[in-house]
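Undergrad: Could you use the hints to bring the two separately framed chains together as a complex?
Chains as they are written, first to last, in my numbering: chain L, 11 to 1044; chain P, 372 to 847.
Hints may contain errors.
[What the hints assert, rightly or not] Reference listing, derived: stretches of chain P covered by chain L, where coverage requires no fewer than 3 residues with Cβ under 8 Å from a Cβ of chain L: (1) 461-469; (2) 473-479; (3) 520-526; (4) 571-579; (5) 620-630; (6) 635-644.
[As the list claims (entries may be wrong)] The calculated lysine-lysine pairs, modelled on BS3-like cross-linking and capped at a C-alpha distance of 25 Å, are: (7) LYS866(L) x LYS888(L); (8) LYS410(L) x LYS389(L); (9) LYS504(P) x LYS826(P); (10) LYS716(P) x LYS674(P); (11) LYS81(L) x LYS129(L); (12) LYS402(L) x LYS421(L); (13) LYS1014(L) x LYS733(P); (14) LYS807(L) x LYS866(L); (15) LYS605(L) x LYS758(P); (16) LYS882(L) x LYS602(P); (17) LYS602(P) x LYS716(P); (18) LYS758(P) x LYS445(L).
Hints in this document: simulated from the structure, not taken from any laboratory. Glycine included, C-beta positions come from ideal geometry on N, C-alpha and C.
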Amino acid sequence: MARLRTSPTRPVRLLLLLLLGTGTQAAEIQFNRDIRPILSDKCFLCHGPDSGARKAGLRLDLEETAKARLKDSDLFAIKPGDPARSEIVHRIFETDPDEMMPPPESKLSLGPAEKEILKAWIAQGASWEGHWAYIAPRKIRPPAIEDPWIRNDIDRFVLERLRREGLKPAAEADRRILLRRASFGLTGLPPSASDLDAKEPYEATVERLLGSDRYGERMTTDWLDLARYADSYGFQRDNNRYVWPWRDWVIGSFNRNQAYDEFITWQLAGDLLPDPSDEQILATTFCRLHQQKVEGGTVEEEFRVEYVADRTHTFGTAFLGLTLECARCHDHKYDPITSRDYYRFFAYFNNIDEAGLYSFFTQAVPTPVLAMTSDAQRKRLDQLNAEVEAAKADLARVRKEAEPAFADWLKGPLPPAHIPGLLARVSFDEEQVGKHGNAANEKKAASTSNRNTSIPGRHGRALELTGDDAIKIETGAFNRAQAFSVALWMRTPEHKERAVIFHRSRAWTDSASQGYQLLLEEGRLSASLIHFWPGNAISIRTKDKLGLNTWQHVTLTYDGSSEAAGLTLYVNGRAADCEVVHDQLSKGIAAGGVKHFAMGERFRDRGFARGAVDELVIVGRCLSELEVRHLHDGSSLQGAIDARDPKLFDWYLATASTTGQAAAQHLQAKRATRDQHANSFTEIMVMRERSRPRQTYVLHRGHYAERREAVDAHTPAWLPSGALDHPANRLGLAQWLTDPGHPLTARVAVNRYWQMHFGQGLVQTTEDFGSQGSPPSHPELLDWLAYRFIASGWDLKALHRLIVHSATYRQRSLPNPETFRRDPENVLLARGPRMRLSAEMLRDHALAASGLLVHKIGGTPAKPYDLKESFKPMNHDKNENLYRRSVYTYWKLTGPSPVMMALDAVKRDACTVKREPGSSPLQALVLLNGPQFVEAARVLAEGLMKDFPSDPDRCIREAFRRLTSLEPTDVQRKILRDMLDDQRKHFQGNPDAAKQFTRVGLRKPGEDLDPVELAATTSMISLLMNFDASVVLR
Amino acid sequence: MNLCTGFEQASGGSRRQFLNRFGSGLGGIALADLVNPARADTLPAAPHHAPRAKRIIYLFQSGGPSQIDLFDHKPMLNKMHGQELPDSVRKGQRLTGMSGNQSSLPIAGSPFAFSRHGESGAWLSDLLPHTAKVADDLCFVKSMYTEAINHGPAITYLQTGSQIPGRPSFGAWLDYGMGSANDNLPTFVVLVTRNKGGQPLISRLWGSGFLPSRHQGVRFRSGADPVLYLKNPTGVDDPSRRMLLDRLQEMHEVQFAEIPDPEIETRIAHYELAYRMQSAVPEVTDLSDEPAHILDLYGPDVKTPGSFAANCLMARRLAERGVRYIQLFHQGWDQHGSLPGGIRKQCRETDQASAALIKDLKQRGLLEDTLVVWGGEFGRTNYCQGKLTQNNFGRDHHPRCFTMWIAGGGIRPGTSYGQTDDFSYNLVDGGVHVHDLNATLMHLFGIDHERLTFKYQGRRFRLTDVHGHVVRPILA
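Okay, chain P solo, but in the shape it has when bound (with noise of 0.2 Å):
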């Protein structure tokens, strides 16, 4: 029970208020540390520090986008396109089972053109002309890096901390420490884009691990429901939905005289908050209410239900409305094979309405204290998985260097950070761990990425686990 945090705000003072009626009694020392000592020396009050970022906007591209395509100008890649990878640059690093017994590892310079963007003259190639256009508020933190070299373990990674399944994902985190800033959403939703395949997504991304499970990020899908049975059943309208809830309310505040259990008092404002979603949920992800223009600068996907660029719009939405953790995820980054088609494809699925985002939320002058976090699972190799061909090639997992991009919040805009080897293989500046980057994002909304703690089974499980540092040189 966190009386500050998510729902539990809603009728936060129930406890209190019976605890207040028998009288607490225990003088001077603080009520919270009595009915919550486990979070009382976990978690004061975070904020720790001064937040810059209240929310979070995490545009997750899955299956690893190639940072060579996309982000990481690399000329040498193209002068020596078809040559083994020299040992050297390798250094006999373990590959993926499914490159790593190639006979040949062949170089593969990236086919797209790159050239420089905006005042900040951040290379960007000719893959991403919206990106481009909003480069300056863009921080690209070009070292990235990570230690899983396969899907599942290395987006577990990301969004938990932890490669192997079980603990709560940073959305669950959030909401765990600094609870819900609205009265009628959950504090963290989870979009993903309809029709996407590729490498599965799992719900455990946005589950809440060993926190209790109302921490969990509430997936809304492209649809009628965007809320697991969200809507009254059929021939139930909202006259007979609030008839009995009236009555059920009467019955809880009968039961509550009898039995003063504080319980009851949060199952009576859990139901209407429930009845409040009924109506905030559908009002937020209707999208029929944004003007013309609007629409036009998210791309004519906007208008496809569960498109990337209908999910960034209705991100913006949710952000205005006090949505603390809004996470995206886009699959289909994941090109072993025919790379050129492929990326194109994704490219021009998630270009224009990423950028977007960032104009909208700047226009609105949310992105001063929202975050934006783009990028995937880990990065590709500068070799060639499978043949070379003329026009044709893939690449394989990369976990040693890749690409983000962050915006907002506190990021220090027009920037790239950190530096890759002139095969974008080896780091040679600057490199973002994954605890790196969470304990910046945590940072960035005034938490303390070592004092955000829950003791499970005996010890203090932090998102960080015992690693992590905040990048000071990106934030503004």
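Chain L with its partners taken away, still in its complex shape (with noise of 0.2 Å):
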């Protein structure tokens, strides 16, 4: 379909107006109309914004610089009102190549028209206007004109454009075909039979249209393309994602009239809004909807840039109209937008801890997460945190009470030393490297390649590693409610950037890795437990730097809490002073079903090479200090025994104090049934801000390494809204965002709502508000839109009234021959919108013509039949879910529905705000042989059939309203009766065709029905589902 820009045949027209001075009016040049498209899309690529790109220091995007006196010369570039003496007008109409504006090697030319008129600008004295869309919207007069044509205020815009124009509006539209086209914009639903006949006035219709939940689920069709949802992460692996609920979210939100205003803040900083509710933080799903990345050996850091970046430039083209992603790697070619400035937007939606990768081997939501709890779930956290509590309550107060206790076994005969609880002790004195023995447990001796050398240790002997070769040992799986310590000597040559001491895990953080894990960090040691790596994990590291080319002794605790603090690294037997890197852990940590415990070497990871270790032990228990001090000098425990030291009471409670070890346990099994219920919960992607806010930087080029100028959060001073003191966070953004004062916000919705419902925006494109984008057809009418839009309180469905009631939106759409000439693509508004029904709209017209459409709302996304044919083929459903509306539809990003493809829907793998509906013979072979259309059209014949029997041609009259909303002419009701009758002929020769035929679909026919008849039938409807009346709305 053509969907063509009206801006570079301006030129041509006005300057035949110009030459001719023919037309209805003199032609005025206005700058933002005429001039600034020309200089934009020709000049601005070398003497734009881009300083880094700007040629002989000529800057034309600003009146300023424009007409100042050329660089090093005598000339102007622009000389007002003196063609002769402007450079530029020299420039443009030169033939040699040396001396040509634009250049030849640009490849941008200017045609004649072009060139005229820049002379005829220059001559009538340059007039300069700055870019309008960054002008904040005025409050207009309309029009004081009368008309009986004009219904509300936006027809005195149109007709005021029209009658200077010369043009006449088109008459009101047929009642069924208004009814059609209000039902399909406001609903994507086509008018039901009763509908039709109800002679209901238009404007009770479009109350009860918006009323109904069906509006909700039509907006949302077209939210989803400009939040590229997707039920998968995309990239190349696009495993499947759980997002619908925010989806569902957003249905709710339209249904009941959210303010617009506070819908795209609860989207964009849901989460930090006072006290925010579940549903808030819900919200903000929305910038996670990017596409996420799981292959292997990426690095993480250019990808987590990349969703960073996609939620900038969402951002950009959703809510400002404007490409800030041009100016990722450099300043704006065309707009003022710098790279800085780019950056300073970045800098809003790079604060959460989120990872660039999510996990390959576990089912881990990437971090932030909001847990989608009902009431009942909820309540019994509640309760099991509650438990939780007692329990350690009960464990100081068995602490106290076991003091008596402790004074009396302090006395008695006492035990040697010793640590119970062991679950390794290998000494690594072997000289065979590769088994060494575990002198807890036999059966689960330590393993390790032979590339590993037995040196002399700390104690006997000691084993150096490669850093490529693990030493394994089946133990150490725990959760985490259970408490355990790991101890060990090690050596370490260097400080190293990052290597691997020990872990329990999969792979390393590429693969989003879950487990526990003790690595060396430029010298620190860092102890983690994670679920998902950076935002669900509690972790640990040493201030000081561990000694170079010295034993030392380490150990690591932790007491089943759940909490950093709850982690304790020693170093030679002293807890070391550590900082808090990161503390929040609330889901398991499985490790993702590896076997063992490994030191030195973790797939993918950087290894300990070079480095020593020996005397590992492993303990199902939080260790003492006194016996963390024993493990390394191996005397503390003896020495306080044989002193009697008080200090033995932790020592005491955990290994002879019955009441001391029952309470310990008592703990860790309530930790461990409330982690147990948190879980299962089901985890969905949302934003939550980081404790400690990551710096910003420009980046060079846009290069994920390449930093440069640190930036903050900050909204670029040419585009000031009223708001001026915001935070420097996502919710000031949505502040500034929605000021009344902003300049683009409510123009581009009531753009993007007016190309809803007309095809086309009062701005052409919808994407693009700045200086490259098309200057709006009825700049007063869009901001009056706008202004409105405001005042109302952003009230959406105000909005859609106020189009649908106007006499502009309820004209003809069929264009007189003068009208056509003029304006072919109805720029002006001289008759009604024209549009092909959307991919979703003409699935549900054929599901909803036929009775099949399943009415629910909200849930799983449904798999029609088609996705067994997608390029990633999976079952379609086999339940009511083949026949649920389109939005509902399973989307994966790299094999989306290829009907929904097929029909022109876009891919949702980026912003998108506008769709390009078009015709091909691909569309035609779905339309006719695709299973969902040819089974809808045998359940209408069945319908119709049983409604009608013996009355084909009540049948086809039927047939036609259901699916164009019209009656049918005489002629076609010929050709449809003559269509049927034929094929009834076909069947007839053919009656186990017919019998096939009117099998496709899970749902079988009637065994009443006569099949020849059905089948015959069921062609004629699907001719009707594949004629332009109704496949157009008109």
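TA: Laid out in structure tokens, this is it:
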């Protein structure tokens, strides 16, 4: 379908007016309408905002510089009123390739009309205007014209323009056409047979449609394109993701007519609202709907930056109508968006605990997340938390009460020093490298490759590691409620940027690994328990660096609390001074099915190369400081025993006190129950600010690793809105965006909804309100609508009502020859809209007309027949999901619904605010042969045959009405009757074929109908489903 | 809307007729400029110069075939087998996260024997005996390079000129710029080898990005319905369908008389083209009329529907029928481990059929104006990923140099272009970037890659972004 831009033809038309003196009024050159588009498109590339690309120091996007004396010259680029002394006039008419502008190598050229207009503009005085879109809409009075045609103020703007152009509006469309137009426009569905018969006043129809739940579904379909919604992560591997609750929130939000400013504020920053509800947080899933990566070997930061960039671009396209992405690598070529401006927007979205990769080996949801809990689940969690607290109090009480018993015990005969609960004790004393005995459990020996070498150790012998060969022991399967400790002697030759000392996990963070680990990072020890890094983990790091080339004893203890405070690192028997890196662990650390505790190496991570380890000890309990010290010096515990030291209290409780042991076990059991419950919660990706802000940098050429100037979140000064003191976070951004003084937000929104109803916006480039975008066809109308939208409290239903009530909307769509010649694209609105039904509407139409459509709002995505034919084939559903509205169709980014794609849906791999519906032979095949459509045709045929037995003419009429909302003309009736008769004759000769044809789809036909008549009627209806009047809204 | 491209051609006259019916009026200004100004200033008329190629068959080897074991003969690697890759060669360049953290990067020489072939004396390993026989028809570009180090971005880069999804694919650009050269088939057809695992392929690799969706590639599935819902529903035979289409056309003609909207004529034309495709597509995908000596040429796999060999033969049939862009994908070249066995299997699947396609096109005089491209998204490392053992090793992704071969359609045959260092690690001479390759292929179609642009979101986009140089030395 043609979607033509009118701006390039404008110079032609304008020039004709200038040269021929024809037209209804004198040709007046307007800078923003006539000149800026030419300068922007043909000159700004080298003489525009991008200082890096600017040639000859000449800048033509600002009046001041454009009219200034040229650098090192007496000449002027533009001398108002004096084309002869304006250098650009000479240059654009120049034919010498060395002198002409634009230069040949730019592959840009000016048409003769464009050159003449530039010259004429300079001759007229070169009047300048700021770019319209950056100046806030003013309160505008609709033109004071009266005409019986006018129904509301929209029409005054339109009619005023038509009068200027010497055109007349078209007559009002037929009632049924209008009903069809509004039904699809507001609900995405056709009017029902009874709607067509009811003599409901149009205004009442509009109210009924706006009040229908179908309205929210219709509005959501478009919002899903804008939000790049998909049920899979995209990029290459494209696993499933769970985000549809957000889609359902959007439907509900539209249906209850949430104010648009609040609607977008929640999606950008619901989590930052005071005391946010789960619903407000859920809205921010919007910001996480970009594609995500899992491909092995990927540089995590590269894609994290890509995610933030996607959020920034989506924000620009969806809300500002600006192509922010152009300024990612350099200053914008056409608009005043500097690269710095870009990264200051970027900074707003750069502050969550996320990873550039989602989990390869586990089902962990990329953080930050919201637990989608029911009231019952939350109540149960509260109760289990209370029980954990009670168990903690109980333990404290037991400790207190154990003091007298301890005092008695201390006086009696004491056991020798020992550490109970050992799971592993490996000395590495064997000279033969390979198998290393485990003194705590003979069956679970340590094993390693003989590429590691045996060396003299801290005690006996030790192992020196290659970094590529792990030492493995089948033990250490701890859940996060389980207290445990790991101790070893280690010696490192260097501080190392990163090295794995020990871990229990599948792979490093490039696979978003789960488990626990001890790393050496820049000489510091770092211990973590991880569900999903970095947003669902506890992690601490020592402040001091480890000494080099010397044996040091290192112990990690964990108390089962799921808190960073429960982690302690000891170096040489002393608790090390640590900082908390992460303190948010709410899900399991099951390690993705790994069976081993491992030292010195991890899949695709950096191993402990040339590091040495000795005397590994693993204990299923949180060791006391005394015990840790004992592991270090081999004597502390015995010394305390000998001295009958009260410091033995913890050791006593853990080893000798039955009440102490029982209380500790009770606490652990309570935690395990609580954790198990929490582990079952379904999570959804949302936004949550980091506790410590992440610094944003200008990235040179947009490259993730090329950091330059540090910048903070801020909105650009050239785009002011009334909100001055907004905080430097996403909530502040939303406040800035939704301030009534913002020049773009309301315009961009009303333009998009205008496009929804007219097929094209008042600004045709819905996605670009910048310098390269097309100027508005009706600037005053756009501003009036925007102003009114804001004044109405951003009331979307009121906006739709206003548009569809207008006489402009109600016109017939058929142009008369004169208006078509003058305005083939209907920019002037001398006729009503004409649009091919969208992909979703075409399918929903067939389902609705046949009565198959299942009216159920929300829920898990549906998999209709065609997903079996997708590039990533999957089984289709075999239940009512086959007949649900297309807004619910499961969307897999690497293999989206082939029917939707053939019918010109967008892929949704990036924010899209405009589709380009056309026609193609592939569409014909889908509508003629696709089982969804064939089945729907047959089900409709069945229904009609039952309603009007032995009355084929009535069936034809009803089918025609259901599928076109119109009465068939006599000619149409005859063609369809001939068709039916011919098909009947055909199937009479092929009764088996008739049976087969009527069995397409899961829904089987009733046995009572004659298959031949049913097949013939189905064919006739199939024809109608492919007929222009059924496919195109007119 | 492009009056002169793609499926629009079938109904190209309609808008013009409509305008003429009402009198177009504006005298000297080109009609085309009026009805499609967005195109008027970007693509006055492709071709921009005399084309050498009319069609292209792109044999994409997905996963990244090892240049070291197939084309880029490096005895130095055998000499230094097992030794650490010298820092002087690697120069601290970024590695993937898969081998980047290995403590040791031992060099792995190719275990396959290399020899010279044809008059041109092209070096090839003994994994490619059939390719060796057509070496004099091929141009080996040994100095390909890219910036992407992982599959998703790298394939997307070659196919769309951008590592990040969203841009139109090469075939879509060509369809947009040149339109169809046949009446019954799509312009841009994609064939994927069936039952291959490995790195996933993605439908955006033949997508239309921001170009209208009709320019996207049509993937022919191996099976009964090569095109989505090509076949009539069960129980509907050809006469019944013809009857329906005739009546539908009648309805549309009546509608057009009432509502003279050119889109209605377009719709009529599209239903007719769909109908023709219903016979043309099964005809082209049915290999049963190929004589035995041709089947033998492509090798035994040719009888397995969906095999690479069958797809090569189908590619020739599509080329004969004027399909402009024929894109094959063959997965499975991603040999991080067990390379020797893996690459042998890949070569068994692809070597004979690739060479057969060249011979077959040549004997029909089609090679002259048909481009054939063979290669993957990047090369592989000279060092071993994982453990280097006596009989086994793997290679990681290597973007800094890799080999592709191109033949026919104005490419200089029997040549080798560009040079890598003794380690097949860095480029020494004649680097050909992804954008350079695309610019060169476009050039052979008579298209100036800088002038085939589409304005989207305020910017003129093109396949080669703001880069790309035609590699003139490889042109015939």
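Undergrad: Decide, hint by hint, whether the structure agrees.
TA: Now the hints, each set against the structure:
1. Check result for the region 461-469 of chain P against chain L: holds, 4 residues qualifying (beta carbon to beta carbon below 8 Å, three or more required).
2. Only residues whose C-beta sits within less than 8 Å of a C-beta in chain L count toward coverage, and the region 473-479 of chain P has 3 of them, enough to reach three; the restraint holds.
3. Coverage of the region 520-526 of chain P by chain L holds in this model, with 4 residues showing a Cβ closer than 8 Å to a Cβ of that chain against a need of three.
4. By the rule of at least three residues with a Cβ nearer than 8 Å to a Cβ of chain L, the coverage given for the region 571-579 of chain P holds, with 6 such residues.
5. Counting residues of the region 620-630 of chain P whose CB lies closer than 8 Å to any CB of chain L gives 6, so the stated coverage by that chain holds, three being the minimum.
6. Under a criterion of three residues with beta carbons nearer than 8 Å to beta carbons of chain L, the stated coverage of the region 635-644 of chain P is upheld, 6 such residues being counted.
7. Distance restraint check for LYS866(L) and LYS888(L): the Cα-Cα separation of roughly 16 Å lies within the 25 Å cut-off, and the hinted pair is therefore satisfied.
8. Between LYS410(L) and LYS389(L) the CA atoms are separated by roughly 32 Å; this puts the pair beyond 25 Å, and the hint is violated.
9. Taking the CA atoms of LYS504(P) and LYS826(P), the gap is about 45 Å. The hint is violated against a cut of 25 Å.
10. The hinted pair formed by LYS716(P) and LYS674(P) meets the criterion: a straight-line CA distance of about 18 Å does not exceed 25 Å.
11. Taking the CA atoms of LYS81(L) and LYS129(L), the gap is near 22 Å; set against the 25 Å cutoff, the hint holds.
12. Under the criterion of a C-alpha separation no larger than 25 Å, the hint pairing LYS402(L) with LYS421(L) is inconsistent with the structure, at around 28 Å.
13. With a C-alpha separation of about 54 Å, the suggested pairing of LYS1014(L) with LYS733(P) is violated against the 25 Å cut-off.
14. Distance check on the hinted pair: LYS807(L) and LYS866(L) sit about 22 Å apart at the alpha-carbon level, within 25 Å; holds.
15. Between the alpha carbons of LYS605(L) and LYS758(P) the distance comes to roughly 22 Å, so the proposed pair stays at or under 25 Å and holds.
16. Restraint check for LYS882(L) and LYS602(P): satisfied, since their Cα atoms lie roughly 20 Å apart, inside the 25 Å limit.
17. In summary, the hint linking LYS602(P) to LYS716(P) is not supported, as the alpha carbons are separated by about 35 Å, beyond the 25 Å threshold.
18. Only pairs whose Cα atoms come within 25 Å are accepted, and LYS758(P) paired with LYS445(L) is accepted, the gap being roughly 20 Å.
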